[in-house]
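*Asks:* Sequence:
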Amino acid sequence: MRRSWSSTIFCWRSRRFRSRRRRWSSTAATVSESPRVSMTSGSRRVWIAWRRYSLPVIHARRNTMPMWKRWNRVLLCALLAGCATQPPSDRSSPEERGDLEVKYHYALEAMRQGDLAGAEPQLQALTREQPRLAGPWLNLCIVYSETGRLEKALEACRQALRQNGAMNQARNLMGILYRRMGRFQEARESYRMALQQDPEYADAHYNLGILFDLYLQDNRLAIQHYERYLELTGNSDKRVKRWISQLNKELNKSR
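Count the sequence shown with the numbering used here and you get residues 1403 to 1657, in order.
No lab work stands behind these hints: they were computed from the structure.
No more than 25 Å apart at the CA atoms, straight line, and that leaves these computed lysine-lysine pairs for DSS-like:
no. : residue 1 : residue 2
1   : 1640      : 1651
2   : 1655      : 1643
3   : 1655      : 1640
4   : 1505      : 1554
From a predicted model like this one, the values you see are computed outputs, not experimental measurements.
Could you build all of it, start to finish, from the sequences and the hints given here?
*Replies:* The structure is reproduced here in structure tokens:
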């Protein structure tokens, strides 16, 4: 479904924009692996064998104003850990735990197929029945963000972090949400907190590179985070290498 983003999130810049496209790996058209869901007592981990959700939205810049592309099919789930201090489903019967697993599997499969309308009520039910599981909150955040309800997405993301403060994916996703809302300093802080917890979190370095490059207009810091991203991902992303080269050229011209 096509939708347009508000012009208020556009960032006007004093320097000329470079013409290049930015894609994120989570917009692949197909998924070859099926999700594996586990909601057993204890840590309640959820595995989704999809490519990274946390790289930024497709972004293109032409002439003097950046243009937001539409988010593609929902392939935004990653490793989710729904830990709680006192796991609530430990008090549930095996039948209840089995029902929760079925609901969660249905919701994740619906998201994988792009059926947000089908996933949303299942995830909402899970957050009511087991509010201390972080995974359903983060997936609900993704559903809200994909349907343009950014404030609700932020609140769901905060709930995920309340249940599991170690869930760095939530901090990274909050940064993406803040950036979409034009709240760039809050986006920066979210990424910074993610890196404070895990300095080798490659996706947060990538997103900070995007933020400094396109929005905060700090070429040096953009290069720094792009280069760290490359180091952590095997130096294989040719797009990012091109961006670094272009940024270095601009820095040299400004001297």
